[in-house]
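Trainee: Residue numbers (my numbering), protein chains in the order written: chain R, 1 to 282; chain Z, 1001 to 1293; chain A, 2001 to 2253.
Just so you know, the hints here were simulated from the structure itself, not pulled from any lab data.
Think of the CB as a built atom: it goes at the ideal place given N, C-alpha and C, for glycine as much as any other residue.
Any given hint could be a false lead.
Claimed, not checked - Each pair of labels, with its calculated beta carbon distance range:
| hint | chain 1 | residue 1 | chain 2 | residue 2 | range |
| --- | --- | --- | --- | --- | --- |
| 1 | R | Pro164 | A | Val2183 | 23 to 33 Å |
| 2 | R | Phe34 | Z | Met1252 | 17 to 27 Å |
| 3 | Z | Val1278 | R | Asp2 | 50 to 60 Å |
| 4 | R | Asn98 | Z | Asp1117 | 49 to 59 Å |
| 5 | Z | Val1278 | R | Lys96 | 40 to 50 Å |
| 6 | A | Asn2225 | Z | Pro1114 | 50 to 60 Å |
| 7 | A | Gly2042 | R | Pro164 | 35 to 45 Å |
| 8 | R | Leu226 | Z | Phe1034 | 22 to 32 Å |
| 9 | R | Phe187 | A | Asp2057 | 31 to 41 Å |
| 10 | A | Ile2152 | Z | Asp1117 | 34 to 44 Å |
| 11 | R | Thr13 | A | Arg2251 | 40 to 50 Å |
| 12 | Z | Gly1067 | R | Lys96 | 47 to 57 Å |
| 13 | Z | Phe1034 | R | Pro164 | 28 to 38 Å |
| 14 | R | Asp220 | Z | Gly1060 | 48 to 58 Å |
To be verified - Reference listing, derived: stretches of chain R covered by chain Z, where coverage requires no fewer than 3 residues with Cβ under 8 Å from a Cβ of chain Z:
| hint | stretch |
| --- | --- |
| 15 | 5-12 |
| 16 | 29-35 |
| 17 | 90-103 |
| 18 | 219-231 |
| 19 | 248-256 |
As the list claims (entries may be wrong) - To spell it out: a stretch of chain R is covered by chain Z in this simulated footprint if at least three of its residues, at any positions, have a beta carbon under 8 Å from a beta carbon of chain Z; those stretches are:
| hint | stretch |
| --- | --- |
| 20 | 77-87 |
| 21 | 124-137 |
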Amino acid sequence: MDRRKIEENIFKTLMLFSTFVVVGSLAFILATIFLKGFRALNLDMLIKTPKGGYYLGKEGGILNAILGSLILGVGATFLALLVSLPVVFYLNLYLKKNSRFALTLRFFLDVLGGIPSIVYGAFGFTFMVFFGLKASLLAGIITVALLIIPIMTRSMDEVLKMIPFELREASYALGANRLETSIKIIFRQALPGIVTAVLISFGRGLGDAASVLFTAGFTDYLPYSLFKPVATLPLAIFFQLGTPFPEVQSRGYASALILTAIILLISVLARFLSRRFTKHGI
Amino acid sequence: MDIRKFLPAGRQVKDNLARRIMFGLCLFVLSLAFFMVFGLYQRAKPILAMRPLKDLLFSGAWHPTQGQFGLASFITGTLWVTTIAMGIAVPLGILTAIYLSEYAHRRTREFAKPLIDLLAGISPVVYGVWGVIAIVPLTGFSALTGGIVLAVMAFPIIISIVAEVIRTVPFEIREASSALGATKWQTIKFVVLKKAWPGIIAAVILGLSRAFGETMAVLMVAGCSLGVFPKSVFDPAYPLPALIANTYGEMMSIPLYDAAVLLAAFVLLLVTIFFNMVGWSILLRIERREAGG
Amino acid sequence: MGSKTHISVKNLSIWYGRHQALNNISIDIPDKKITAIIGPSGCGKTTLLKSFNRLIDLQDGVSVGGRVLVDGEDIYAPEIEVTRLRKKMGLLFQRPQVLPMSIYDNVAYGPRIHGIKDKKKLDGIVERYLKESSLWTEVKSRLHSSASKLSIGQQQRLCLARGLAIEPEAILGDEPTSALDPVSAERIEQRLLDIKNQYTIVLVTHILRQARRLADYIVFLYLGNLIEHGPAEKIFNDPQDTRTQAYINGRFS
């Protein structure tokens, strides 16, 4: 056989192998979490809060962490949306395509998106100390919001970039200004993509532990105040796994299953929404 | 109708107000990185004033109770796990990206993309759980385990950027190469990869940065015990991010301890900002070159 | 010509970055007539048209020299409110660009923006302009269904209705029939002829026969330069410039 054919075949095999490893590792992770987690999962985990000695193997559940994560995630996503949405409309409608400011802003967003979440956590901590805040739901919400602003803004930015320029022209030609065009036309057209971006960011915020470690604290109680610590699911997993008791550790696996299931659900929903709506529109 | 702005109409006032608020929020986002650098630097300053930077970075003595805060063992731990992770993730990630963008059927590609996105969406703690259940039994709580888990976490960013960069290589160039009788692999090797290599470098840098800063998963699987300089891949490693995470409860209890930990965060911030600036500048240049012609 | 001037272009030059799209153009566009801007593609026709409602402002790195006067007012002067200017100049695009909303809302969008809130009034406007663009009978039973479900030809008539609903004084058409089938194109042309004594109409077209059918007045552009302009009859029967002769005889397009 031709030498170059042999080389091509070797590389093709390597590529197939790599792809298999990458996709296989996802399957491996999901299978591990589902198999191990399912065995330890029971209803109590979902509907009870930790009783005394839960982390020693006594009874209870992690409802505190599930609710805490959801509330923190929703709060942070909402706060991030309040920043991201105006920024992304400013980038796309108020600035021209190659404006230096837009380029700089996009570049900074990309760089911010690459800063590790533990650094956001540490920064949130310095921020708390500065304002005399204690580890609390509020501090957690602010920190996670900062963490997901770059992700949310950049993914919405990609959505807005895809909208045909003529649509904007059509609105401007009728005498609409930029704000009216943003709200009544572009937002409407981009809504499915925006929802997807929001859901993805929500999932990212939900799953992150390093940023809430310093800022949200942890508690066995259900969340009830913005100014009190709040339990989060990733940290509950981390703590349960950190105990020396096998039955608590396996509850950690079950908690990981719950978190993964929530995130899977969110990403399937996001995908479904973007499929469903892009067919209509204009 | 008069087309001059005789009286500002309500809708124009709203537009102007919105513009100002939006611009303000943009400035806020722009300044975020500066706030972070400044905030962490402020909190790390006490220890920088007390100890020479050289000792902090290159001494391995970490005994907070005795006022010794050498970060060297943690930096070494970070380098170990990151190197292992990149050793695995870079070749596998690049080959996967080439396969998906050049060889795979469109359907395969569309099937694989959401899976790779999902890989990016899984919680770091869940990666940690997976590592503990599936990898630790094979390789122990070690730098190698940390590296393996980090490699999987770095796959999505490397694959998506490399695939994106390969996509920007113009079709005509491939056609020209094929027309000269090159095989598909020759075209990829001599034309596509040659054109895409700056972007591939960027992908590696950004993947590296991701692995560098990843915290929770590593904390759970790498063994993270104090005073260990990993000498082989099977030794435990205690990377910098894990140190920061592990001290959250106690760092306010000893003088300068918090400053030392926030110095670690500050170092991590500067390094990741640097990596990201380099990586994204390369990608930005590619994007502009593409747009320019 | 005996008609008063509506839009007056004086020494207009337009650059996109370093590329000069229009070079020192001066013409008067007569009121309540159809003016056709013709010329080979890339000659600046669309740029000239979009300079009349300042839609070129949206382009990157655009700079404008000279003046465009609408009713004697310099529209590039700083005191001009561009949304009011655009309300005076309805625009029809090459491809119908419906807004992502219902048929009704597409027509009501402009009037609503310009302050009409009364439901009855809006109903009246929608009906009137859908009739005027001869779409009413086809859509009256499904006014609240999505505009994107209409055929391309219907969409373009909807765009005409939408443009008319802001009650402009001029209608600018950027090859408004080029994306349509012959039947739909003919319908649009017919509507334009029907309404031409109410509006100043400026059409960019690359179809010479269309210009012959519709235009009272012709502007011929070539590579950003104004070569010749005048009453349609004169341009078509007795062109002065050799390039105009070549173009209208179909020697290049």
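Trainee: Are any of the numbered hints broken by this structure? If so, which, sorted upward?
Mentor: Of the numbered hints, 2, 3, 4, 5, 7, 9, 11, 14 and 18 do not hold.
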